[in-house]
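**Q** In order, the protein sequence lines correspond to chains A and B. Counting the first sequence from 1 gives a position; our numbering is that position plus 1. Counting the second sequence from 1 gives a position; our numbering is that position plus 11.
Hints were generated in silico from the structure; no laboratory data involved. Check each hint, because a few of them may be wrong.
Stated by the list, open to error - Heads up, simulated SDA-like pairs for lysine to any residue below, C-alpha to C-alpha not over 25 Å straight-line: (1) Lys155/A with Gln178/B; (2) Lys157/A with His303/B; (3) Lys75/A with Ser32/B.
Said to hold, decoys possible - Computed footprint of chain B on chain A, listed as stretches where at least three residues anywhere in the stretch have a Cβ under 8 Å from a Cβ of chain B: (4) 72-86; (5) 129-137.
From the three backbone atoms N, C-alpha and C, an ideal C-beta is built for every residue, glycine too.
If you want the building blocks of each chain, they are given just below.
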Amino acid sequence: MTTTIEPTASLPGSLTEYTVRTIDVKRSYKMGSETVQALKGVTISINRGEYISIMGPSGSGKSTLFNMIGGLDKPSEGKVYIDEVDIAQLDAYELAWMRCRKIGYIFQTFNLIPVMTALENVMLPMVFAGLNTADAQDKAFGILKRVELEHRIKNKPSEMSGGQQQRVAIARAFANDPAIILADEPTGNLDLQTGKLIIELLRGLNKEKGVTIISATHDHKMLAVSDRILWIRDGKVDKIQRREDLKIEEGTIEGAGGQEMH
Amino acid sequence: MSAASPTHPPQVQRQITLPLSKAVEIAYKSIRQRLSRSLLVTSGIVLALAFLMSIRTTQAIEESIRMWNTQVSAERTAKAKDVADAAKQVRDAVAAANAAEVSMDKLPGDVQGHLQKLQDEKDIRPLPMSVNLLGPAMAASPDISVKLDRWADLQRAFVANPQFNRQKQLEVILESKGSETVAASKPGAKPSASAVDAGLAAQRTKTNWLLGLALMVAFVGILNAMLMSVTERFREIGTMKCLGALDSFIIKLFLIESLFQGAVGTVLGLLLGLGMSLTGGYSGYGSFAFIHFPTAEIACVALVCLAVGVALTVGGAVYPAWQAARMQPIEAMRADV
């Protein structure tokens, strides 16, 4: 077993407080005749309502772990529990239900459906969840108002700035009141100022709704708001930092220009 | 929030299958937005179906004209034979009267007139006897009068039938077309009826090959355009799957999109093809193309074309749609697509 993340002190340690647990997760890919071990045994527990960042150089297995947590990939060995459900046991319909209701996805490239307006984009997960159009419209409008885009609901993604698109994407991720938000480099395609606003928005929603936010990022502004930071290196958990510890080191991280180890 | 957490694992439910109307709605939006790609798919099917429709409609029109020609021609021959038979009866009767040395002068005036016309009629051989040899006994013969009246009635009906005249005009057109057909299929051959039929059959085989090729090209074009459309939308499809779309929904989305394009393209193609064949028919057969317009057959051809067009487009979308559906939601995460 590799490093286990203990729950933060503010939360009691019972099993149900974890939204995501992985137990000795391994994942290997066949690359031609070679088998590549992307994850070599990762055991982590993520608390309900936690804001956690996953860091790691490319090729570290960060994306693989991230996809695993998001129910987008299944482990070769080990277990992944999302809301105490073993995702390996789920069939396609149950996985789709899980993705629809339990997990909200935010992408680096926003990934709004280009043919739909902002409102329709936010309504889409609700439509998939079986909500009727009128209710979905009301709910989507409410969320878009929360991200301060009520004046752009009729606009297509191509008519919006990157920051606005990402805000629509965040609204869409929150559409079905998920337990987990997975954000993959949410500020990667945005300028500094816009990125900061997006991070603030995510942090705000995290506090408001008590939703767990898991993000893969290189953005140090993101680290500053994270409850914990999970460093992945070479398919394993390298270290886990709490924000309290990080604050002391913050200057160092920024000064070192993204150097991960100390 | 922590205190309110459930004490046992929450149940996972199965994702619901969306009603078809939702897929239709989204597919419709997608087509409207991506009009240029839609037009590409549509134009291929329009051209192929216009070709199919024009060929089949032209064939139906020609078939109908030919059938009418054959039918009226047979009728005309039968009626001409009736006239000739009646004339022969008159001649025989007159010959019998001649033998009895009846004088023509003694015949009633109208019978004389009839006889004169009988001799002038080109369809009937001139009377083999000299009229002035008719003896007076003929005047007493009501038999000749009756036979002459019958002949005159038949003759009038024959001449007054407008169809027979029109059929003669058509025969001229068909003859020139026939010799063209024969010249095209077998240069130097004499345009006999059997040669014309053989030429037409050869022509039909050739057009069927062309039709098959055109439809195949259209099919490959649709397949290609739909595959491109799927590749282009990898991230979009992945995103939809992340948001909870089922495989079946993605398949429906693409098939419906294709169905829309196929239906629109086919209808446009039908209209274009119909216009082409009508123009071609008019230039080839003049008013005959419209007078003997085979409406029922052309409606049948249109239905077949509609089925073919829709089958082609939907068939061409099956593989791309399946490919889209089995795509993993992870694809949505890739930033480099």
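**Q** All the hints need checking, so say for each whether the structure fits it.
**A** Structure-based check of all given hints:
The straight-line distance between the Cα atoms of Lys155/A and Gln178/B is roughly 67 Å, outside the 25 Å bound, and the hint therefore fails. At roughly 55 Å between alpha-carbon atoms, Lys157/A and His303/B are farther apart than 25 Å, so this suggested pair is violated. Taken as a hint, the Lys75/A and Ser32/B pair is broken in the structure, with Cα atoms around 33 Å apart against an allowance of 25 Å. Closer than 8 Å: that is the beta-carbon criterion, and the segment 72-86 of chain A has 5 residues meeting it against chain B, so the requirement of 3 holds.
Interface restraint, the segment 129-137 of chain A with chain B: holds (3 residues with C-beta to C-beta distance below 8 Å; minimum three).
Hint compliance for this structure: hints 1, 2, 3 are not met, and every other hint is.
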